[in-house]
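K.L.:
For chain L, the structure is supplied; the task is to place chains C, A, R, Y, H, W, G, D and X on it using the hints.
10 protein chains.
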Amino acid sequence: MLYCVQMDVRVPHDVDPAHFDRLKAEEKARAQDLQRAGKWVHLWRVAGRYANVSVLDVADHDELHAILSSLPLFPFMEITVTPLARHPSAIG
Amino acid sequence: MLYCVQMDVRVPHDVDPAHFDRLKAEEKARAQDLQRAGKWVHLWRVAGRYANVSVLDVADHDELHAILSSLPLFPFMEITVTPLARHPSAIG
Amino acid sequence: MLYCVQMDVRVPHDVDPAHFDRLKAEEKARAQDLQRAGKWVHLWRVAGRYANVSVLDVADHDELHAILSSLPLFPFMEITVTPLARHPSAIG
Amino acid sequence: MLYCVQMDVRVPHDVDPAHFDRLKAEEKARAQDLQRAGKWVHLWRVAGRYANVSVLDVADHDELHAILSSLPLFPFMEITVTPLARHPSAIG
Amino acid sequence: MLYCVQMDVRVPHDVDPAHFDRLKAEEKARAQDLQRAGKWVHLWRVAGRYANVSVLDVADHDELHAILSSLPLFPFMEITVTPLARHPSAIG
Amino acid sequence: MLYCVQMDVRVPHDVDPAHFDRLKAEEKARAQDLQRAGKWVHLWRVAGRYANVSVLDVADHDELHAILSSLPLFPFMEITVTPLARHPSAIG
Amino acid sequence: MLYCVQMDVRVPHDVDPAHFDRLKAEEKARAQDLQRAGKWVHLWRVAGRYANVSVLDVADHDELHAILSSLPLFPFMEITVTPLARHPSAIG
Amino acid sequence: MLYCVQMDVRVPHDVDPAHFDRLKAEEKARAQDLQRAGKWVHLWRVAGRYANVSVLDVADHDELHAILSSLPLFPFMEITVTPLARHPSAIG
Amino acid sequence: MLYCVQMDVRVPHDVDPAHFDRLKAEEKARAQDLQRAGKWVHLWRVAGRYANVSVLDVADHDELHAILSSLPLFPFMEITVTPLARHPSAIG
Amino acid sequence: MLYCVQMDVRVPHDVDPAHFDRLKAEEKARAQDLQRAGKWVHLWRVAGRYANVSVLDVADHDELHAILSSLPLFPFMEITVTPLARHPSAIG
Numbered sequence: 001m002l003y004c005v006q007m008d009v010r011v012p013h014d015v016d017p018a019h020f021d022r023l024k025a026e027e028k029a030r031a032q033d034l035q036r037a038g039k040w041v042h043l044w045r046v047a048g049r050y051a052n053v054s055v056l057d058v059a060d061h062d063e064l065h066a067i068l069s070s071l072p073l074f075p076f077m078e079i080t081v082t083p084l085a086r087h088p089s090a091i092g
Numbered sequence: 093m094l095y096c097v098q099m100d101v102r103v104p105h106d107v108d109p110a111h112f113d114r115l116k117a118e119e120k121a122r123a124q125d126l127q128r129a130g131k132w133v134h135l136w137r138v139a140g141r142y143a144n145v146s147v148l149d150v151a152d153h154d155e156l157h158a159i160l161s162s163l164p165l166f167p168f169m170e171i172t173v174t175p176l177a178r179h180p181s182a183i184g
Numbered sequence: 185m186l187y188c189v190q191m192d193v194r195v196p197h198d199v200d201p202a203h204f205d206r207l208k209a210e211e212k213a214r215a216q217d218l219q220r221a222g223k224w225v226h227l228w229r230v231a232g233r234y235a236n237v238s239v240l241d242v243a244d245h246d247e248l249h250a251i252l253s254s255l256p257l258f259p260f261m262e263i264t265v266t267p268l269a270r271h272p273s274a275i276g
Numbered sequence: 277m278l279y280c281v282q283m284d285v286r287v288p289h290d291v292d293p294a295h296f297d298r299l300k301a302e303e304k305a306r307a308q309d310l311q312r313a314g315k316w317v318h319l320w321r322v323a324g325r326y327a328n329v330s331v332l333d334v335a336d337h338d339e340l341h342a343i344l345s346s347l348p349l350f351p352f353m354e355i356t357v358t359p360l361a362r363h364p365s366a367i368g
Numbered sequence: 369m370l371y372c373v374q375m376d377v378r379v380p381h382d383v384d385p386a387h388f389d390r391l392k393a394e395e396k397a398r399a400q401d402l403q404r405a406g407k408w409v410h411l412w413r414v415a416g417r418y419a420n421v422s423v424l425d426v427a428d429h430d431e432l433h434a435i436l437s438s439l440p441l442f443p444f445m446e447i448t449v450t451p452l453a454r455h456p457s458a459i460g
Numbered sequence: 461m462l463y464c465v466q467m468d469v470r471v472p473h474d475v476d477p478a479h480f481d482r483l484k485a486e487e488k489a490r491a492q493d494l495q496r497a498g499k500w501v502h503l504w505r506v507a508g509r510y511a512n513v514s515v516l517d518v519a520d521h522d523e524l525h526a527i528l529s530s531l532p533l534f535p536f537m538e539i540t541v542t543p544l545a546r547h548p549s550a551i552g
Numbered sequence: 553m554l555y556c557v558q559m560d561v562r563v564p565h566d567v568d569p570a571h572f573d574r575l576k577a578e579e580k581a582r583a584q585d586l587q588r589a590g591k592w593v594h595l596w597r598v599a600g601r602y603a604n605v606s607v608l609d610v611a612d613h614d615e616l617h618a619i620l621s622s623l624p625l626f627p628f629m630e631i632t633v634t635p636l637a638r639h640p641s642a643i644g
Numbered sequence: 645m646l647y648c649v650q651m652d653v654r655v656p657h658d659v660d661p662a663h664f665d666r667l668k669a670e671e672k673a674r675a676q677d678l679q680r681a682g683k684w685v686h687l688w689r690v691a692g693r694y695a696n697v698s699v700l701d702v703a704d705h706d707e708l709h710a711i712l713s714s715l716p717l718f719p720f721m722e723i724t725v726t727p728l729a730r731h732p733s734a735i736g
Numbered sequence: 737m738l739y740c741v742q743m744d745v746r747v748p749h750d751v752d753p754a755h756f757d758r759l760k761a762e763e764k765a766r767a768q769d770l771q772r773a774g775k776w777v778h779l780w781r782v783a784g785r786y787a788n789v790s791v792l793d794v795a796d797h798d799e800l801h802a803i804l805s806s807l808p809l810f811p812f813m814e815i816t817v818t819p820l821a822r823h824p825s826a827i828g
Numbered sequence: 829m830l831y832c833v834q835m836d837v838r839v840p841h842d843v844d845p846a847h848f849d850r851l852k853a854e855e856k857a858r859a860q861d862l863q864r865a866g867k868w869v870h871l872w873r874v875a876g877r878y879a880n881v882s883v884l885d886v887a888d889h890d891e892l893h894a895i896l897s898s899l900p901l902f903p904f905m906e907i908t909v910t911p912l913a914r915h916p917s918a919i920g
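Residue numbers (the numbering used here), protein chains in the order written: chain L, 1 to 92; chain C, 93 to 184; chain A, 185 to 276; chain R, 277 to 368; chain Y, 369 to 460; chain H, 461 to 552; chain W, 553 to 644; chain G, 645 to 736; chain D, 737 to 828; chain X, 829 to 920.
Because the hints were derived from the structure by calculation, they are not lab data.
Each hint should be verified, as a subset may be incorrect.
As the list claims (entries may be wrong) - Residues of chain R placed beyond 10 Å of chain Y at every Cβ, according to the derived structure:
#, residue
1, 294
2, 302
3, 305
4, 306
5, 310
6, 327
7, 354
To be verified - Ranges of calculated distance between the beta carbons of each label pair, as one might list FRET restraints:
#, chain 1, residue 1, chain 2, residue 2, range
8, H, 488, D, 747, 18 to 26 Å
9, L, 90, G, 682, 47 to 55 Å
10, A, 276, L, 38, 31 to 39 Å
11, A, 276, H, 526, 53 to 61 Å
12, D, 765, R, 338, 46 to 54 Å
13, X, 914, G, 735, 22 to 30 Å
14, L, 14, D, 765, 53 to 61 Å
15, H, 497, W, 580, 43 to 51 Å
Even glycine gets a Cβ: it sits at the ideal position worked out from N, Cα and C.
Isolated chain L, as found in the complex (with noise of 0.2 Å):
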C-alpha cells in the first residue's frame, strides 16, 4: 500500500553538529536500504527547504510506523501521512 509522507527537519541551533552529522549519515544509509528494499519508492527533496515528499510502499500502517519512527532524524523531524488509493485515471 501506497502512502505519500512529507518529512520536515527542524535542526536545533543548539544542537550538537558531531552528533547530528552522524545521524544524518544513519539516515542516509537507512533511506537507502529502504530504498534497495522497495519500500522506500520514491524520494524527492523540496527545493529550498530541509525537507522531502517521498512515497513508501508498505504492507500496512504498522509497518509504515514502524520504519518512520525508527529514522535516525525522526525525532526531529515534523511528518504529514496521506493515505494513496487507486485513482481511476491512472493508467498502466
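P.N.:
Positioned in the frame of chain L, the structure of chains C, A, R, Y, H, W, G, D and X alone reads:
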C-alpha cells in the same frame, strides 16, 4: 523537471450535473493523454477525499502552468505546487 | 486496517430539503449496513456539531476510498483521514 | 461518558534521555492500568507520528482532567478533547 | 456538567429575510426557555460580531447535542464546544 | 464590564521546578483574592489542558490589563480576550 | 474606552448592485455622523483591500456592539475587535 | 515606492461567462497601461494557479489603493500587500 | 505616510532579566523620542497581552524599516505592518 | 527560470553574537556574488521584519536548492518558494 501537485476538487452543490459529468469525462481523457505523453508521471487518489497527489515532469514553469490551467476541472480545483529537486539520498 | 475518519457535514442553506432528507435516510441505511458488515466499527457524534468521529476497519486504502466516496452525503462532507497503527501500550 | 482525545508528544531535543525513558515507562504502566480499569477504552498510534488517538470513558469532565493532567508525559503533550455523543445511525 | 460554547452565526446574503426573522424569534424564545430551565446558565454577546459565548449546564454530551442541534439557528451556526472542569483555584 | 479571557499556560521543560511552584502558589493566592474582590467572576479549567476559561468584571481595559499583566504566571501564558456585551436574549 | 476594529467587507458577486450602492451610501453617512460625534475617532483604508482599520471611543462594550451591529454593511463584514489600554510608554 | 502584491482571483462558478470575459479583457488592457506607465513594474503568473505576484512602484499608499481597487477584477481578488524597503545586501 | 504596526513581544523564559530590563528602558526612551518627533503618532497597549497597536507616520518604507529594526526589543518582536490609505468616508 | 522566494530569518536569542555576525557577513557576500552572477535578480527587504522577498533566475529546481541550502543563514531561515510563469498580460 518534477513538480508535486496536489489538486482538491470543490464541486458547488448547485452545479449542473450533466455539465459537470462532461467536464469529468474530458478531465479523465486529458489526464490519460498527459500520462501517455510522459508529462503526468504519477497520479494517486487521496484516500477519502475528492483530491489527488500528482507528479508532473515538464520542461519548465510555463509548461506546468499551461497544462494545469487548461485542465477541464481547473476552475473547480484548489492547487498547491511543490518543486521537487534531486534528493542526495535517492538511489538509481 | 483501522482508519480514524472525521466527517463534517456542510449543508448549503439553499439545498432542496426533501432531496437532502432523502440523502440523509440513505446515508443512515448505508452507515448501518457498513456497521453490520464490520467495516464501520465505531460511529460517534461530535457533541454540538453536524459531524462524526468514526473508525473504519477495511482491507486497504482503496476500500476505504470506495466506501467513503460512495456515501450519499459525501459531496457535502469535509473529511480527514488518520491511519491508525497498533499502540505499544495498548492491551488486549 | 466518551471523549475522543488526541495526544501529540513533543520531546525537547535537550531533555535528559534517562529521565524521559523513566517517564515513558511510567506512562505505559499508567495507560495500561487505565485500560484495565475500563477508563481508557481505545488507544491507537497515529501512523508516522509520536501521537495517539484515544477514547476515554469517564464519569465527567473532572475525572477526564484528573486522568489526563496526571499522565507522566502530560507536560510534553499537546492535547485536543472532543466530547462524543451517541450517533443516531449507530447500531448496537 | 458545564460546557463553554461559542456560536457564530453566518447569515447567507440571499436568505429569505422573513424566514430568518421567524427563526430568530424562535431562537430567542428557545434560549430563554433553556435559561429559565437552568440549562443555559450564561449567554453573552461577543461585542462587534453576530456571535455569543455561552455556558451550558447539562447532564451529559447527549443532552448538550440534543439542545444545540435543535436550536432554530443551528444550521447557520459555527459552534465550538469546550468541556469545563472545576479549577483548583476557584472559590465558593 | 465583562471580558471572557482564555489563558493557556506553557511551561518550558527546563524551567526551575521550585521557582515555578512558587509562582503557581502565588498565582493561586492572587486568583482567589481577585475572586473575593468580585473582579474574577468565573474561573473554569479547560478539561484536559493546562488552561482556563475565565470571566472578569472590571472597570475598563486598563484595569483588565493591570490585572492580567501582573499575574505571576503571565510570562508563561498565551491569552485571548473577548469583550462581552449584553445579549438581547439573556434573561434576568 | 478605545477599541481597535478591523472591518473586512465581503461583497457577494450576485448581490443587487443598486441595493449595495444604497447600503454603501448609508454606511458613509453613518460613519461620518459617528466621526462627528467623537465615537469613531480614526478611520483608515487598508491599502489594496476593501477593508478598514478603525479606532472607536465609546462608553463600553454594549455601545460598541450597538454601533457596529447597526452599520448598514454589518451583514457583509468580518470584524475583529481589540480592546486598547493605555501604553506605559505613550506620552501626552 | 515598491510594494509586492499577490492577487488570487476567485471566479464564482455561476458568474456570467461573457461578463467575466469582458472584465478579463479590460483587466489585461489596464495592466498593460500601468506597465507602460512604469507603475506595475513586474507581473508574474503563479505557476498552477489563477494568481499573480506583482511589484508596483507608486508614489504612496493612496496611489497603490487607487490602482488596485479600480482593477476590473478587484471584486474577485484576494490581495496581500507587502511594502518593500531597500535591502542592505542589494547591489546596483 | 501612515502604517499600522502591531508588535507582539516574546520574552524567552531564560533571558537575563537585568539585560532585558535595560532593553525595555531603552525601548521606552526610544519610543518616546519617536513620539515627540511626530513619527510614532499612536501607541496603544493590547489589553491582556505584551503587545501594542501603533500608527507610524514616516516618509517611506525605508524609514519605517530603519525605525522598527533599530528598536531595542526588535529581536524579540513579531511584527505585522499594514499600509494605511485615506478612507473615502473619513472626515477632517 | 524564475522563482519568488521569501526568506524569514529567525535568530535564536541565545545564539553566539560573534558567530552570527560572521554568518551575516558571509551571507551578504554570497548574496552579492549571486546578484553579480545574474542568479539572484531581485532582493528586497520586507519593511519592518527580518525577512526578504527575492526573485531568483536559475536553470532548474536543483540549482535553486543548491543555492538556497548553501546560504550561510539557511539554518535560521523559514523559506517559501513560488515558481513564476510568464503572465499573459505582461509586456516587454
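K.L.:
Taking the Cβ atom of residue 497 of chain H and the Cβ atom of residue 580 of chain W, is their distance within the range 43 to 51 Å?
P.N.:
holds, 45 Å
K.L.:
Regarding the assertion that residue 354 of chain R does not contact chain Y, is the least Cβ-Cβ distance greater than 10 Å?
P.N.:
With a cut-off of 10 Å, residue 354 of chain R remains clear of chain Y, as the shortest Cβ separation is near 16 Å.
K.L.:
Verify this label for me: residue 305 of chain R is non-interface relative to chain Y, using a Cβ-Cβ cutoff of 10 Å.
P.N.:
Consistent with the label, residue 305 of chain R stays out of reach of chain Y, its closest Cβ about 24 Å off (over 10 Å).
K.L.:
Is the Cβ of residue 294 of chain R farther than 10 Å from every Cβ of chain Y?
P.N.:
holds, 31 Å
K.L.:
Indicate whether the distance between the beta carbons of residue 914 of chain X and residue 735 of chain G respects the range 22 to 30 Å.
P.N.:
Holds: the Cβ-Cβ distance is about 26 Å, inside 22 to 30 Å.
K.L.:
Given a hinted range of 18 to 26 Å, is it respected by the beta-carbon distance of residue 488 of chain H and residue 747 of chain D?
P.N.:
For residue 747 of chain D against residue 488 of chain H, whose Cβ atoms are near 23 Å apart, the range 18 to 26 Å holds.
K.L.:
At the C-beta level, are residue 765 of chain D and residue 338 of chain R separated by a distance inside 46 to 54 Å?
P.N.:
holds, 50 Å
K.L.:
Does the Cβ-Cβ separation between residue 14 of chain L and residue 765 of chain D fall within 53 to 61 Å?
P.N.:
violated, 33 Å
K.L.:
Beyond 10 Å from every chain Y Cβ: check whether that's true for residue 302 of chain R.
P.N.:
The claim stands: residue 302 of chain R keeps its Cβ more than 10 Å from every Cβ of chain Y (closest is about 22 Å).
K.L.:
Say whether it holds or is violated: residue 327 of chain R keeps its Cβ farther than 10 Å from all Cβ of chain Y.
P.N.:
holds, 21 Å
K.L.:
Verify the CB-CB distance for residue 276 of chain A and residue 38 of chain L against the hinted window 31 to 39 Å.
P.N.:
holds, 34 Å
K.L.:
Between the beta carbons of residue 90 of chain L and residue 682 of chain G, is the distance compatible with 47 to 55 Å?
P.N.:
holds, 49 Å
When each numbered hint is compared with the structure, a violation occurs for hint 14 only.
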